[in-house]
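Residue 422, in full-length UniProt numbering, is where the sequence shown stops; the numbers in between run on with no holes.
For the record, the hints were derived by calculation from the structure and aren't laboratory data. Please note: incorrect hints may appear among the correct ones.
[What the hints assert, rightly or not] Below, a list of computed lysine-lysine pairs in the PhoX-like style, where the Cα atoms sit at most 20 Å apart:
hint, residue 1, residue 2
1, K155, K169
2, K166, K122
3, K75, K122
4, K142, K196
5, K348, K112
6, K267, K117
7, K112, K264
[Stated by the list, open to error] Just the calculated beta-carbon pair ranges, DEER-fashion:
hint, residue 1, residue 2, range
8, L209, V375, 27 to 35 Å
9, I200, I171, 48 to 56 Å
10, A2, S331, 34 to 42 Å
11, S197, K75, 41 to 49 Å
12, V375, N111, 57 to 65 Å
13, L312, K75, 18 to 26 Å
These numbers were taken from a predicted model, which means no experiment stands behind them. Cβ atoms here follow ideal geometry from the backbone N, Cα and C, with glycine treated the same way.
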Amino acid sequence: IALAIVGTVLFFFSLAGVILYVTNKNKKIYFKGLNMFVLKQMNSKVNTNFISMSLICLMLFITIVVLSTGINFKKVEEEGRRKIIPFDASVTLYNKDENKNQKNHIEDMLNKIDFKKSKNEKYAVYNDYYTGLKASELLKIKERSFARYNVYFSKISDYNKILKLKGEKEITLNKNEVLILSSSGGAINLINEKLKSNRIINIKGIEYLVKNDKVIEENLKTSSHADNFCTVVINDELVSDYKISSSILNVMYLDKNREENNKKYNKINDNYIKDEYKNLDIPIDAITKDRVCSKSKGIISMMLFIAIYLGLVFLITSMAVLALQQLSEASDSIERYKALKRIGANKKMIDKTIFIQTLMYFSLPVILALIHSMVVIKIINDLTSMIINTANFRYSILITVLIFVIVYLEYFYITYAGYKNI
């Protein structure tokens, strides 16, 4: 950031001299019409205002980045949210000790806390299993993040229950086949690259073929975030040697009375937070799709408001300062334009010099701000893709450009018209 600021100031500090030097080398351009006058005027303006032009450039840079990323954040967040809330509600019972098998079934635990199943809901229960494997070990991917995350197993029968609950077609696995699932953007890209070159994985010395040629992108339960880094779906008989990590009850509502249905799941979560289940010693939580959406919409609205507010304030301020500088300098140049008339310059030629000066003065900070923005947006896009795998700035950039062009042309025209009439 510091280098960008210093570089911007040095760019405008040296700009006038560079333009004069280049045009002096080309006599045809320098002596054509009133170009000599225009260049001298621009040289004087840039030398006088290089600090303010640098600040305006940086403000415009912030405007472009904030508007583009703010608008895109809303789109990306909505797309990502759809993947992490496949069910109307999910209840999770965690195993506190991975070395011991879970004693209680999730449905037994729900009975202990007086949870009542409803006829207006469909359910599917599944288990995650500890494997003791890191993602880097199983998939032979040397990315640092893969060394941190565990791989979990799920039974194909449980996975088919989940598919059935969602109304999707069930899957069959041959004896030596597995499926790989993930909802983490950073993991998805790298695992897909791995599967392109090699779809064989080794589990306890036995080779298995990954049936899917690309990662199946989904959460196996409703959650507030993409919490499925890497799950391997295997045949049921292969999990007998593994301990249960968590048991999950997924729920789909059959009626439209969502508010009433949500209450009992929100109550489980609220009671656990209040230590109501302390005597049962059960780490359990429940989350509903509507609660996730409600929290997410609040964050999105706040971020979008800040982005649009800051972006528009900086954009209008920048354009207003450029306009005021041009108009204040116009009054100082009245005698120069009178001198041009005396030596034979007509109104059309003078209007052309005013247009070129105004255009150059408005364009220089914008061009450099665009160059800065392209670099930063590319970096943000790459980072976002690693997290959610769905980043695309085209839509947000289009909206930003539209806002930018409208404000820019409006201030440019007002400045040009005002300059001519002074």
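Hints and how they fare:
Using a Cα cut-off of 20 Å, the hinted pair K155 and K169 holds, with the two alpha carbons roughly 16 Å apart. Straight-line distance between C-alpha atoms of K166 and K122 comes to about 10 Å, which keeps the hinted pair within the 20 Å bound. Restraint check for K75 and K122: the C-alpha separation of about 31 Å exceeds 20 Å, so the hint is violated. Of the supplied pair hints, the one linking K142 and K196 holds, its CA atoms being roughly 16 Å apart against a limit of 20 Å.
With a C-alpha separation of about 89 Å, the suggested pair K348 and K112 falls outside the 20 Å cut-off, and the hint is violated. Between K267 and K117 the CA atoms are separated by roughly 14 Å; this keeps the pair inside 20 Å, and the hint holds. Restraint check for K112 and K264: the C-alpha separation of about 14 Å stays at or below 20 Å, so the hint holds. Distance hint check: the CB atoms of L209 and V375 are about 43 Å apart, inconsistent with the given range 27 to 35 Å.
Under the hint 48 to 56 Å, the C-beta atoms of I200 and I171, about 19 Å apart, miss the expected range. For the pair A2 and S331, the beta carbons lie near 37 Å from each other, so the given range of 34 to 42 Å is met. Between S197 and K75, the C-beta spacing of about 32 Å breaks the proposed range 41 to 49 Å. Under the hint 57 to 65 Å, the C-beta atoms of V375 and N111, about 58 Å apart, fit the expected range.
A C-beta distance of roughly 19 Å is found between L312 and K75, which places it inside the suggested range of 18 to 26 Å.
The structure is inconsistent with the numbered hints 3, 5, 8, 9, 11, although it conforms to all the rest.
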